[in-house]
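J.: Sequence:
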Amino acid sequence: MYKFFLFTVFSYIVLYASSYFIQDKELSEILTCEQITSKDFVANYEISTPDRSALINYYRLGKKVAYEYRAQEITEIWKKNENNQVQLIRAFDNHKRSIEYKPVDTNIDDKYSIWGIHKNLATPELFHLTNASVSKKDGCVYKHYEQTSLGKDIVMEYEKNNNILLSLEVKKDNEILYSYKLKNIKGIDKKENHLNEALEYDSLKYDTTDVAEIEDKISTLSLQKNTIMLAHLQ
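Counting with the working numbering, you get residues 14 to 247 for the letters of the sequence shown.
Among the hints, erroneous ones may be present.
[To be verified] Taking CB as the label site, the calculated pair distances span:
1) Asn94 with Glu188: 39 to 45 Å
2) Lys203 with Arg110: 35 to 41 Å
3) Lys76 with Ser216: 16 to 22 Å
4) Arg110 with Ser146: 43 to 49 Å
5) Tyr125 with Lys173: 18 to 24 Å
6) Glu159 with Lys109: 31 to 37 Å
7) Asp151 with Lys109: 17 to 23 Å
8) Val168 with Asn96: 36 to 42 Å
Bear in mind the hints are in silico, worked out from the structure with no lab data behind them.
Don't be surprised by glycine CBs; every beta carbon is placed ideally from N, CA and C.
Make a model of the complete structure from these sequences and hints.
T.: Following this line, the structure appears as structure tokens:
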């Protein structure tokens with residue numbers, strides 16, 4: 014069920030992301046290891062399906078990550094708290110307002126956690142990828158995975174030292190189902206950035222309704238399903 018969820022959530026992100034195109038470039042032309050190793054950064058990804066291509070911004074700042082959907086002017090922020098709980102804040106950038114949900118425990122089971130699922134766009138672990146070929150350059154460790162699972166051919170490029178997805182392509186019967194490609198990445202100021210600005214919006218707090226309970230009681234997939242639902246609210 015996790016693999017089905019991953020395919021579903023990636024497909025929905027494409028439908029929800031911004032709708033403009035950018036010129037394709039090789040990663041080596043625009044990225045350096047120094048950029049990739051920035052602790053606090055914003056990364057720009059192009060996400061594609063057979064009939065659509067779009068961009069999203071992915072932020073990493075301390076114990077917060079965020080996904081900025083610029084066409085919809087919405088930013089979804091995931092915060093990991095000191096008590097091992099995770100909180101979702103959904104910011105409506107155009108209106109300078111946000112919805113703040115009650116924190117929930119991050120652990121789903123012994124293997125998966127809410128934070129582990131949402132802190133990166135994709136990881137080798139979530140796709141059960143093994144047996145990577147490895148190359149090293151200027152302090153970065155690049156891992157290349159190629160694997161077939163449940164009839165799908167998966168190719169992933171991943172920078173292990175900093176846990177950054179470089180590219181992901183999933184095919185079935187030689188047709189690309191979806192793909193992710195890192196287009197650019199840059200360090201950001203810890204105080205002056207879009208993520209901190211979004212956290213300062215006027216907030217409507219859900220004191221008794223946590224993210225999972227909006228759709229269902231907490232179960233293995235309820236929070237994940239709700240994440241997809243939230244991505245379609247306009």
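J.: With reference to the structure, classify each hint as holding or not holding.
T.: Status of the hints after comparison with the structure:
| no. | hint | verdict |
| --- | --- | --- |
| 1 | Asn94 with Glu188: 39 to 45 Å | holds (42 Å) |
| 2 | Lys203 with Arg110: 35 to 41 Å | violated (24 Å) |
| 3 | Lys76 with Ser216: 16 to 22 Å | holds (18 Å) |
| 4 | Arg110 with Ser146: 43 to 49 Å | holds (47 Å) |
| 5 | Tyr125 with Lys173: 18 to 24 Å | holds (20 Å) |
| 6 | Glu159 with Lys109: 31 to 37 Å | violated (45 Å) |
| 7 | Asp151 with Lys109: 17 to 23 Å | violated (41 Å) |
| 8 | Val168 with Asn96: 36 to 42 Å | holds (38 Å) |
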